[in-house]
Each structure stands twice: as C-alpha cells, then as structure tokens.
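Protein chains in written order, with the numbering used here: chain U, 1 to 113; chain W, 1 to 116.
Derived from the structure by calculation, the hints contain no laboratory data.
Glycine included, C-beta positions come from ideal geometry on N, C-alpha and C.
One or more of the hints may lead you astray.
Claimed, not checked - Here are the simulated DSS-like pairs of lysine-lysine, each with C-alpha atoms no more than 30 Å apart in a straight line:
no.	chain 1	residue 1	chain 2	residue 2
1	W	108	U	14
2	W	108	W	70
3	W	55	W	108
4	W	108	U	9
5	W	78	W	108
6	W	70	W	55
Stated by the list, open to error - Covered, in the sense of this in silico footprint (three residues per stretch, anywhere, with C-beta under 8 Å from a C-beta of chain W), are these stretches of chain U:
no.	region
7	39–53
8	99–112
What the hints assert, rightly or not - In silico contact screen, one side only, chain U against chain W (beta carbon under 10 Å); selected entries:
no.	residue
9	27
10	31
11	35
12	59
13	63
14	84
15	90
16	92
17	94
18	96
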Amino acid sequence: NAGVTQTPKFQVLKTGQSMTLQCAQDMNHEYMSWYRQDPGMGLRLIHYSVGAGITDQGEVPNGYNVSRSTTEDFPLRLLSAAPSQTSVYFCASSYTARYYEQYFGPGTRLTVT
Amino acid sequence: AQTVTQSQPEMSVQEAETVTLSCTYDTSESDYYLFWYKQPPSRQMILVIRQEAYKQQNATENRFSVNFQKAAKSFSLKISDSQLGDAAMYFCAYRSVTGANSKLTFGKGITLSVRP
Chain U
1 NAGVTQTPKF QVLKTGQSMT LQCAQDMNHE YMSWYRQDPG MGLRLIHYSV
51 GAGITDQGEV PNGYNVSRST TEDFPLRLLS AAPSQTSVYF CASSYTARYY
101 EQYFGPGTRL TVT
Chain W
1 AQTVTQSQPE MSVQEAETVT LSCTYDTSES DYYLFWYKQP PSRQMILVIR
51 QEAYKQQNAT ENRFSVNFQK AAKSFSLKIS DSQLGDAAMY FCAYRSVTGA
101 NSKLTFGKGI TLSVRP
C-alpha cells in the first residue's frame, strides 16, 4: 500500500511550457484534491474530484486543468506555465468527500523561470 | 466562507517544556472538523490531531492535546514534553462536513523551533 504518490518531486519549467503533475492513490479513495503551498499563504485548493469523471474548481483554479478518468489517478496540468505558478503542489485523497481525514502525497516543488 | 487564522508566525520552546500554538477560525456552520498538521523539513504533511466539532471532549494524542472552545471559535494545540523532532511548521485546518467541496481551509502556519 503506497498511499498517495506524486511525480515528479522537483521540476523546473520555462515560462509558457506545459506539463502534467501526476498523482495516484491505491486506497480506493473517492475524493482527491490538489493544493498549492506558497510562503505565508498556507495551502490553497486548486481543483478537486469526488469520483471518477467528476471534477470541480477550488479557490485558485486559473491556469490549471484536471481530469479523473480512473479512481486511482488525478493528474494536474499546467497549460502555459507562469512564474506565479512557482509553488509546492500537494495531492491529497480521502475515503469520501465527508471523511474526516485527507492523506497527502509528498509534494512536488515546481519552479517556473 | 470559512477562514482560519494563526496569528503567530513563529514560536520557540525549550526541549522538555510545554508550548501552546494558537488558532482561531470563523464559520457559520455547526458541524465540522478541525485539524492540526505538522510539516517537517521533509515537506510531508502529517496529521497530528483532529477534533470533531460535535464532541465536547478535547482530543488527545500522546503528547499532543487541543483546547477546543467552540463558542469562541478557538482551537489551540498543546505540545507537552517538547522534543527536537517536534520542530516543524504547524498548520491549523478546518473541514466542513456539508457540501460537495469538503476542502481543507488552512491557516498560514506557524514555525516551531525547539531549543536543546
């Protein structure tokens, strides 16, 4: 049982490039979400999914896209990277949307130059 | 919308002493969860303790306990017998139990250092 895995751990992009951050969980969790962490800001929700085929926006969705074709995977796409997207990205999952605990992945540190 | 406030950006404690980290929140809901997460330099988010709003009894996990004051919307974390491994950033978080979003709303965090 690997829990929540994220790849890559580190990434450097140039402005305008696109990329996908991968997130997978092997706990059969319905609910998955993406957060970004910026200094002095805590973690903020980007997008979330309550099940395969269902996604919705969080509080900072601009510049990001998600899809959920399987229960296990929830990739986050940066469409055209900008320096403002330099951040640490966390994927999290929980058994259901109402379940009290979310399990976090190890994070991806992204730098956009 | 819910908000979570951690007004102290940094705190320091002597090893083996007790420290209390403060957190206040704002919500119009009556049922919710509150959490404290620890983030060591490894960056991993680790759940320290949780509190269900409907429970009057304060949660306790070994050396970690909370003081939950629902009417005052206050949720502080007490760390007893502080250890060097407790040095980390600590986040207070709120999670609604209603609605499809069920996102975690985080405070800005507090950096705790432990002096040997």
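Hints, verified against the model:
no.	hint	result
1	W/108 / U/14	28 Å, holds
2	W/108 / W/70	21 Å, holds
3	W/55 / W/108	26 Å, holds
4	W/108 / U/9	23 Å, holds
5	W/78 / W/108	18 Å, holds
6	W/70 / W/55	10 Å, holds
7	39–53	holds (count 8)
8	99–112	holds (count 7)
9	27	15 Å, violated
10	31	7 Å, holds
11	35	8 Å, holds
12	59	8 Å, holds
13	63	18 Å, violated
14	84	18 Å, violated
15	90	6 Å, holds
16	92	8 Å, holds
17	94	8 Å, holds
18	96	8 Å, holds
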